[in-house]
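Visitor: Respectively, the protein sequence lines represent chains E, S and R.
Each residue of the first sequence is one higher than the last, beginning at 1 in this note's numbering.
Each residue of the second sequence is one higher than the last, beginning at 1 in this note's numbering.
Each residue of the third sequence is one higher than the last, beginning at 1 in this note's numbering.
Each hint should be verified, as a subset may be incorrect.
[Unchecked claim] Covered stretches of chain R, as calculated for chain E (at least 3 residues, CB under 8 Å):
#1 47–53
#2 118–125
#3 224–236
[To be verified] Think about it this way: if two alpha-carbon atoms lie no more than 25 Å apart in a straight line, the pair counts; the simulated BS3-like pairs of lysine-lysine are:
#4 E:K102 <-> S:K167
#5 S:K102 <-> R:K429
#6 R:K197 <-> R:K363
#7 E:K401 <-> R:K283
#8 S:K197 <-> E:K45
#9 R:K429 <-> S:K230
#10 S:K206 <-> S:K12
#11 E:K373 <-> R:K136
#12 S:K102 <-> R:K363
#13 S:K363 <-> E:K283
#14 R:K429 <-> S:K283
#15 R:K42 <-> E:K360
#16 E:K2 <-> E:K12
#17 S:K73 <-> S:K167
#18 E:K283 <-> S:K429
#19 R:K206 <-> E:K373
#20 R:K2 <-> R:K33
#21 S:K167 <-> S:K206
#22 E:K367 <-> R:K102
#23 S:K283 <-> R:K360
#24 E:K102 <-> E:K167
Hints listed in this document are in silico derivations from the structure and should not be mistaken for laboratory results.
Every residue gets a Cβ at the ideal spot worked out from N, C-alpha and C, and that includes glycine.
Listed below are the residues making up each chain.
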Amino acid sequence: MKPNDFMQFAQKLWPLNRSLTGRGVVQTLQLIKEIIPELSIKHVKSGTIFLDWEVPKEWNITHAYIIDPSGNKICDYSENNLSLVGYSIPILGSYTLDELQKHLFSLPEQPDAIPYVTSYYKEFWGFCISQNLRNKLVEGIYQVVINGTLQNGQMHFGELVVPGSSKKEILISTYICHPSMANDQISGIVVSTFLAKWISENPERKYTYRFVFIPETVGSKYYISQNYKKLVKNVVAGFNITCVGDERCYSYLPSRDGHTLSDQVARHVLNTEVGDYKTYSWKDRGSDERQYCAPGIDLPIATIMRSKYGCYPEYHTSLDTLENFVTANGLFTSYELYQKCLLTLENFCFPRATILGEPKFDKRNMKPYLSQKKDYVNHILISEFLTWSDGRNSLIEIAEKCNVSTLELIPIMKILQDSNLIIQIAGRKNNN
Amino acid sequence: MKPNDFMQFAQKLWPLNRSLTGRGVVQTLQLIKEIIPELSIKHVKSGTIFLDWEVPKEWNITHAYIIDPSGNKICDYSENNLSLVGYSIPILGSYTLDELQKHLFSLPEQPDAIPYVTSYYKEFWGFCISQNLRNKLVEGIYQVVINGTLQNGQMHFGELVVPGSSKKEILISTYICHPSMANDQISGIVVSTFLAKWISENPERKYTYRFVFIPETVGSKYYISQNYKKLVKNVVAGFNITCVGDERCYSYLPSRDGHTLSDQVARHVLNTEVGDYKTYSWKDRGSDERQYCAPGIDLPIATIMRSKYGCYPEYHTSLDTLENFVTANGLFTSYELYQKCLLTLENFCFPRATILGEPKFDKRNMKPYLSQKKDYVNHILISEFLTWSDGRNSLIEIAEKCNVSTLELIPIMKILQDSNLIIQIAGRKNNN
Amino acid sequence: MKPNDFMQFAQKLWPLNRSLTGRGVVQTLQLIKEIIPELSIKHVKSGTIFLDWEVPKEWNITHAYIIDPSGNKICDYSENNLSLVGYSIPILGSYTLDELQKHLFSLPEQPDAIPYVTSYYKEFWGFCISQNLRNKLVEGIYQVVINGTLQNGQMHFGELVVPGSSKKEILISTYICHPSMANDQISGIVVSTFLAKWISENPERKYTYRFVFIPETVGSKYYISQNYKKLVKNVVAGFNITCVGDERCYSYLPSRDGHTLSDQVARHVLNTEVGDYKTYSWKDRGSDERQYCAPGIDLPIATIMRSKYGCYPEYHTSLDTLENFVTANGLFTSYELYQKCLLTLENFCFPRATILGEPKFDKRNMKPYLSQKKDYVNHILISEFLTWSDGRNSLIEIAEKCNVSTLELIPIMKILQDSNLIIQIAGRKNNN
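Please build the complete structure, drawing on both the sequences and the hints.
Guide: Here is the structure:
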């Protein structure tokens, strides 16, 4: 897979009008299924009650726009689907400018940008417009046209479970409910889809992988409510993937607990592969980690992003595009970083030496025979690895003691395992 | 209660000659009982043996002074009860200046001040005098008059137990054995008495409150020896109250353990309500925490003070007065701060959400329906509170994570409890 | 014992040609036995297999040198035993300068120094020479003479077990396999021998002491393989003693674990007795701690040195001498510091007060009867000691809380124990 494959897939996803429900969501899932054919596209009926929530009505729009007093079409949903407030009710009517203003949204600080606004849980209609255009609106009668339906139907989501040799699971979740925005929507779908493809095509796998493509919040909550016992029992690590498309600074948002395996892996990979990245705190949460890590659910879900939602100027506006913000390289390098996280998870263990004391390195050609001053206090990496392989240090902790990345240690660990000098144990050895 | 009530009570207590025993102690306890009528005034006989100690004789003085060679009365106990060394034996005699000097105490560095000196456990007599006056003493014969008794009698102390819905106790201890000094004596009695009044008059109460008014050291040791099992079993938190009358910097002296519930509460309330305060260490102990926190007793007793004993120049001298050091406002604000500590203790718990994942805030009018960029990553305090309500974080820890005081969280906790969204559990939930 | 005794013993040890095996090792052990007659000199046959290793052949040299083209004798082993590469095979032959160069070792950065080189585990011969001399070698034929044997024989080592009242052991290990170098060889033998003498002659002893004099690496590994269960069961602390002869900065190398009793004692004694010392990490290991602390062996062995092996310019060269680097005072003060470590170990315990609350100090003459301002908040050391004697703090932790050394506390602990005010318990009291 090349960076361009990522951008081409992103461009296909771009024009669809995604929301919590509706055709755009189904089309998005079908495009994902073209890349990972094993994906199950599932649905649940509007009005279904779960936890403290209810599955919303299905929302579908055919066209939506405003005719201004001069007869020009403005806020045309077919030109930019951000123009219509999400979940606007169908309507046909004439309004004075004053009346219309109560239904318009713009951003005075970003006068060129159309904002992204939704009203999922209260019946309402509205349009989003650039401040510049709004400033030019003149007195007169405006014709508002919102054609479509908001009625009982289905909420759709996708699920792919790739079995591994263990029933323990890695959970990758991304959301599919935002319209045409690049970093805060499409990037998450693209990277998650290609990770799913990579995992599916890779025959060696310790863990079972669960990929979930769902509407944010209501979707993840519904998914958790249906899979609660299984998730709590099996998920050992996972990531909520979003905002992984640009090339600005990397970001890390911890799980609520902050010390789960996912957090350890994310920090280690960011420290060794990226170095300079921004660490947020749980106070800064805002995506589905809010559900996965909620009290009583407590899944070990962390998030690695590029520019984090809410923290870049283009966020939730028409400026978050594939042209001037998200790049093929940004998508691809985020994908590669998540691959490194998954490799680290696959190899995560507590290595334990099987031999008492140092093995004789020289007879194994791991050290020179001649002992000279200059060689004396230089430990080779293999000896550093072995000295910490006492079953009490994890692969990540050993890497940090050796000042290298886990990826550098994995081949050494394989050599030592093949020489029967270590075994891998799954859990930390107790003191005594 | 107003600041002036505190000062008026302080002024009534001022003239009494308190010591380990004697009429001044009994009169002090009677004045306290006027404010908290349920107070029990108890006593124990001189010579009673307990632990490594013995109840001292009862000491009562009618008059004490020196007649100088010119016939002037100096060091008159009736003018300032610090003038006589505490527990001085009765005596009547004539002495040369040289002989007298061995029984005089003054402070060269504070030449205006009369120091406070005692000799509880060795028979002795002496007078305390300002250095300035001492310098003026001339050669000649001095008549010494100490009239009174030092004989078997009683040691008195006060106790008030206010039952709560739980048998678990909060212990408030203060001492009543110092003569006329304001910060290091009277302030502790005043604040403790008014806290007892407030607790007694407050019908809603989780804990049982035990207020103890005792002679320092020998009194608290005796009290512990008589109530050991009960105290060790029931006391969950408490404070030794002393030096709470001036308006200089607040001070915190930890329990010996340093991490008890009392310490957590004291530090949290000081951090959120005061901000700038001085933290002492166990090395700086000097009052009854020495007994309550001793090995094998280990009660969770911390101390919040204003200017700490031993650490302000007026300490243990005639300069520690109600006129130039302790203020009505100092007494009252110390009282208010202890109220906040007790409120935090009363509400202390480990809140646990009863719902899986975030509740639907909008349908409860806790969040707007419309989702806009500006609202997106602002968590409201109620949501911050809930996310940490996993039964593993205490109310104080949640307040610290939310960067607010427990007092701000208490009303939110009540709303959530009334909505059945959380329950309060008494002890920390284990991992798993 | 005086500093000069240490230097005289060092001078006796100096000329012997030590290696893993051979006459020099046996003579060294005999010199040690002159000072500690109870020493057992043991041996094991070449070729004996243990763990991943094998006991090496015995190496004995009678003479070794090179005759240069002018007929001069150079690299004469009888003048400096570093001149011959350790474990060189016997040989007699003529070589051109080019051929000879492949068998010569020198240090361009230290042109005056003869380096120390060995080839224990691969058959080889070679000579070590100063760079200055090497630069002067001319073309021509060189006669090489190495006369001696490398054949099956014995590996020797010494062991002294001094029984104490407990079967629990303190292990002191030093190596005996380096030829004539002062700090990195002789100092370790000298200090260990005199410590063994001191322990043997001292009738009061809680622990059993095990002193081991062995060839480095192969010797310690063999010793561990033969005594594994006993060592793992009994050793509670210990030190690998090496590089303790000069007067430069003290050094501390932790055990692999870093927090064993030996580490606590070493750090405490260095902090209180030395103050300014260099702390190395486990990455810097290089002597027998590599074996004693290996995974699965995990003995609590730390090391206190002066100039650490590998970290001083004279290291492993002919410059590491008794004339210009190691001193009588350096040897003696290192010995004294280790004595303090052993005294701290002997007295290590968790003191627990037997009395509830503070004892009455004045009646025991531990505090003045008169209470004056200046005395009030000064705790005497005995009271500080008692307040922490709750069975949860070790002697070292109490010393650190009191800001003194354990050596200052030991007499106080004895007084309190004799007064039945404390008992010593061996292990930390649990909370509850």
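Visitor: All hints, please: hold or fail.
Guide: Okay, the hints, checked on the actual structure:
| no. | hint | verdict |
| --- | --- | --- |
| 1 | 47–53 | holds (count 3) |
| 2 | 118–125 | holds (count 6) |
| 3 | 224–236 | holds (count 3) |
| 4 | E:K102 <-> S:K167 | violated (60 Å) |
| 5 | S:K102 <-> R:K429 | violated (49 Å) |
| 6 | R:K197 <-> R:K363 | violated (44 Å) |
| 7 | E:K401 <-> R:K283 | holds (9 Å) |
| 8 | S:K197 <-> E:K45 | violated (62 Å) |
| 9 | R:K429 <-> S:K230 | holds (23 Å) |
| 10 | S:K206 <-> S:K12 | violated (33 Å) |
| 11 | E:K373 <-> R:K136 | holds (23 Å) |
| 12 | S:K102 <-> R:K363 | holds (22 Å) |
| 13 | S:K363 <-> E:K283 | holds (23 Å) |
| 14 | R:K429 <-> S:K283 | holds (22 Å) |
| 15 | R:K42 <-> E:K360 | holds (24 Å) |
| 16 | E:K2 <-> E:K12 | holds (16 Å) |
| 17 | S:K73 <-> S:K167 | violated (56 Å) |
| 18 | E:K283 <-> S:K429 | holds (22 Å) |
| 19 | R:K206 <-> E:K373 | violated (41 Å) |
| 20 | R:K2 <-> R:K33 | holds (19 Å) |
| 21 | S:K167 <-> S:K206 | holds (9 Å) |
| 22 | E:K367 <-> R:K102 | holds (20 Å) |
| 23 | S:K283 <-> R:K360 | holds (19 Å) |
| 24 | E:K102 <-> E:K167 | violated (53 Å) |
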